[in-house]
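Engineer: Put the complex together from the two separate chains, hints included.
Protein chains in written order, with my numbering: chain A, 5 to 331; chain B, 1336 to 1736.
Please keep in mind that the hints were generated in silico from the structure rather than gathered at the bench. Just so you know, not all the hints are guaranteed correct.
Heads up, simulated DMTMM-like pairs for lysine to aspartate or glutamate below, C-alpha to C-alpha not over 20 Å straight-line [said to hold, decoys possible]:
no.	chain 1	residue 1	chain 2	residue 2
1	B	1440	B	1476
2	B	1657	A	83
3	A	239	A	297
4	B	1490	B	1466
5	B	1657	A	70
6	A	173	A	52
Here are some, though not all, of the chain A residues that point toward chain B, as calculated from beta-carbon distances under 8 Å [said to hold, decoys possible]:
no.	residue
7	70
8	72
9	73
10	74
11	76
12	80
13	101
Glycine is no exception: its CB is placed at the ideal position from the N, C-alpha and C atoms.
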Amino acid sequence: MSRTLKLAAVIGAITSLPMAPSVAAAENLKVVASFSIIADFAKNVGGDRVDIVTLVGPNGDAHVYEPKPADAATVGSADVVLVNGLQFEGFLQRLVEASATKAPIVELSKGGEVLRNSEEEGHHDQEKAAEGGGGHAAAEEGHEEGHHHHGEYDPHAWQSVHNAELYVKNIADAFCAADAAGCDTYRANAESYGQQLDALEAEIKAAVAEIPEDKRTIITSHDAFGYFEHEYGIKFLAPEGVSTESEASASDVAALIKQIRQDKASAIFVENVTNPRLIEQIASETGLKVGGELYSDALSDKDGSAATYLEMMRHNITTIKGAILGS
Amino acid sequence: MRTNSATAIALLVSLSTSAARAEEVTAWRLFISDHADPKVTVIDAIDGEKLDTFEIKGPASLHRSESGRTVFAVQGTAGVVTGIASGISFEDHGEHGDIDVEAPKLAGIEITGKKPSHFVEHNGDFAAFFDGEGVARIIDEKSVLEGKPDFREVKTDAPQHGVAVAYGSHVLLSEPNREKPDELPVGIRVADKTGAPIGGIHACPDLHGEASSGDILAFACATGLLVVSHGDGSPAVRHLPYADSLPEGKTTTLIGGRGLQYFLGNYGVDKVVLIDPTIESDAFRLISLPTRRVHFAVDPVRAKFAYVFTEDGQLHQLDVVKGEIANSLKLTDPYSMDGHWSDPRPRVAVAGDRIVVTDPLQGVLHLVDATSFEKTGDIAVEGKPFNVVSVGGSGQTHEGE
Ligand SMILES: [Zn+2]
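Same shape as in the complex, but just chain B (with noise of 0.2 Å):
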């Protein structure tokens, strides 16, 4: 690790010389998981050359940290968490950011329980909710990269198929119900670092799927949303119920925009909803599809755009700020949504430029570039590659360091 001074140093050298010293340099990595295989692959997406394949207990879905320094498989079956190190990092120096690439690596962290499923990150925190214990267990991005296994343990209840999300000295908790302990969630409990509630319940009947945009939190309910945001001391919570005007339906998958402050959820199985949390009355903009949904991912680079995958083999770009369907592509043949909910079926990620969707049966990833939406390429992949997320971006390197 670099020290204050020398990255003075070096940055006063670059400016004071040339630029030739400090190089502009773009990484991006792929990690894909695949739908039979207990295995993680990391591709260059830059190149398509394979870098690493990671033996993992079971087959995976995959999480990236907001840094993008870590990467996590969460094999529900296999009953363990494994912490992958991405291999790329990024510090920022105000007007330039340095970027630093490795070999990735097994983080030499796992993470294990009964049924892991819902896997949460708040600012560096994560949180891993094992539903077969109703317990959550939370470690920071610094101790796992460090291979430290520094968890805290919070329980619920009951085991539950919940959420827990580490939230600055707070913890939110799925509250189990009760009467039904196989359906969904009803509420969200604040609760102290330890795990002791603090005040009532938030109702959230039928909680699946939460996400962060900005400084905002929210979990999804058959009623609405649940909004988390800093308040006085401890998170404030409220309910958006869903506009009169929308037509029977609910959000169980959420995720957050990036760039813009927004979410984007299911709603029904041929629509997605664009949710502004932040005002009373049109928050929901509902967005139909020409058929049935598979796969949804938001653009962190372009802001304005987020994809929806469909069962037809299309891929849509969808721009959040008019609220419509801005280009349609054809990439695979179809995909079915009948049959069970965790077939495999094609997965959006987002990694620079370029779009990538994998196409579990056929083998490959289809490259489609972001800005012309064209497709691009392909990248082959031994099995069926399944999950995918993206780290990287661009950075400078700086001589002698």
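So that you can see chain A by itself, here it is in the shape it has in the complex (with noise of 0.2 Å):
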């Protein structure tokens, strides 16, 4: 892969996209989010100073998403790249080779509490599967060949409030970086956008502790919840893994519904970002009622219940209590 970065260097940066609105709007700094919720940081954080181009927007999986012709272009023309890192984009490797951008990529991860992949299989260790982070430790027969594997850390990282603000002081060293002049402004809009995330933090954990802790155990369909449960104490067990890529098998789907009737959980919920279809199956042969919609990897559409990463949070702690303790 070397030797391609190499040719990508040789060849040079892709010219600039045509049009640049107005003088004002050229100056900005021009920012590619991978997906809308680092968006969402990269606004509060920007402000009007930024122009902001999302990859994978609303509703859309980062997991699987293929990257354009055109994303390339775009990537090839940005001052500041910013990714989430730990392999939740899989198509970020050939995506910044065929752009041949020289803008930084920034991880925003980097440096934050990172969980292990609970799933990891073979050759770490399963600490986090002993304890229930996944539901397919009893499935592990079922390997086949050719399997994906999705890397050996939790990217879902986002989920736990701490980390949002870490991804926050991110963007902001990156954009005073690119954009020296813009970064009192960037401190500052980072700063009241972080109290904002301490509030936050404050409400869900007052919400969790209005929930019986016999029954903070729910079901999902993808294990993206890894974080919220480490920092906020609610049990989460899904028939897929923490990509969505490959879907839960028989068997995978056959001991998370044992699990549910052992484990009694409360609640089973659909995300917005995978088909339903599994997460309805499991309902009916688990007698659960699904609780409603939880927001994972990508925020709502404007117009929806979770637009920004205060909304989605906010959105998802009251509709799994309302599931819970509601009727």
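Structural biologist: Structure, rendered in structure tokens:
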């Protein structure tokens, strides 16, 4: 792969996209965000000094996204590229190579508290699986040749508000490095947004505290809430792993249904980025009622109930609490 | 076949001691058919040595599987498709991949029938369409490698120059032109696994050419593309019309981008078109060539590039991000497109860092360095080397397994 990178360097950066609408806009920092949640953070930090293009938009699934030649052109003309890292964006390397971009590729999860992927098979320890991080332990023998591995770490780090604060700090650092004149603005924006994140975290903790401890096990479609579980003490079980790329096998689902019955799960939810079919099937087999839709890897569109990160986290905890305590 | 636990132990050892026990290996193989003789020659693309020659029943066009573990020789005149085990396979271990290199061999699978033509893979299922019968015979890669003739068959209403794609638990089948049975199919039908149709016909006049890129499958029609993606329960089919701004023309050969999601098609005799099927406007970018087009291929390693060979003997490096020709290189004497469509003319394949162009009339393969886009050498091949596919890559081999 290094050979390919060298090639990209020789060929040089792609000329910028046509049409700079105005002088003011042309001076703005051109920011590419890999997916909607990062774009929202970037908007809060950058304000009107940045123009943001989002590769994987609202309700889109970054795990399985296929980059287009137009995306490579966008990345090629960017000043800063913001990504999650931890192999969340499986398309990242080929996109960056094809783009021949000179922009820094900033991995926002860097320096954060990172959890191991509980599903990691074979050569890593299984401690997280043993404590119930995934419903997969019983189904290992179904391992197929060519099965795709998804890296060592759980990439959904933004599901902990602490980590979101770090993402925001990393964005401010990246913007300061690219646009020193705006640095004070970026820092001030990051500071005030950070206060909103603090308030959000307090709300989530208060909401969880109202849920009896023996009712804090719930089901979602894919293993996207490991950080939420770790930080806030709600246990999530899922038929699919940390990536939506490979579908759950019949034995995975059977193991999960068994576990749901043993653990007395309180509620089951669909996710905005996954097909609801499997969750509906599990709901009907276990008698659990689908308690609503959670937003895991993408925001809703702007008319939805999770158009920003703050709304998304509030929507999720309200939906979880409502389904468990509801009727 | 090694077990999971053996692999885990080998990996731990290689991590804890040093890289000495895990060796990085690169292997690429070229499979070349002859324009006149019934044979497939296998050449080591790295040292240029001939590995083997397989006798088959007729001149063949070649297809490699997505995994690269199998190559198929479609022998239209001989009425047979022959499966070949490439000998190179990979196993993904997350941080690294293992490569397994064995001798290439005939897999022991032959798919027989009248006039085999389009041969399409989707997710490890191969569908060979037999024009003379209007029937598709479908088999998966595992069965081919085990030499098990585990076919299933789906029938269309009439013989046709058609196509079938095994699409998960469905099959996509071309619909013959009932009024004019000798002409190209008029649409696509979604069928269940047995071939029983579900819903109506998706119109696709003059259907010819299909390809996959990422999770999208496309068929080329006289009016545009039929774009197939995963729907709720069954495949979702949508028509993407050619833009009004395009000149008169249509795509009849389609290939799918690797690494980036796009399609590359012919359009008129001296143009190609880059297609992004996910957007509504500006989905088509037309690129003019200096002369008529002979063959084109995408680069599976450098997602940014595709290659087009033209009748003036030039290979062109196409930048699919910019939508323009980035480099051109003269490789052969002129190969006129006058004459029969199946006359011997160059074909292009990419093997790692090398682009390979067959030169059937000179009996050689030209090698071009994909990084510098300069010619680096030739490999002589007996006869008229025609169709070419490559398989290979890099991976680790673990000592003591
Ligand atoms: Zn996810």
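Engineer: May I ask which of the numbered hints given earlier this structure violates, with the numbers listed in increasing order?
Structural biologist: No hint contradicted; all consistent.
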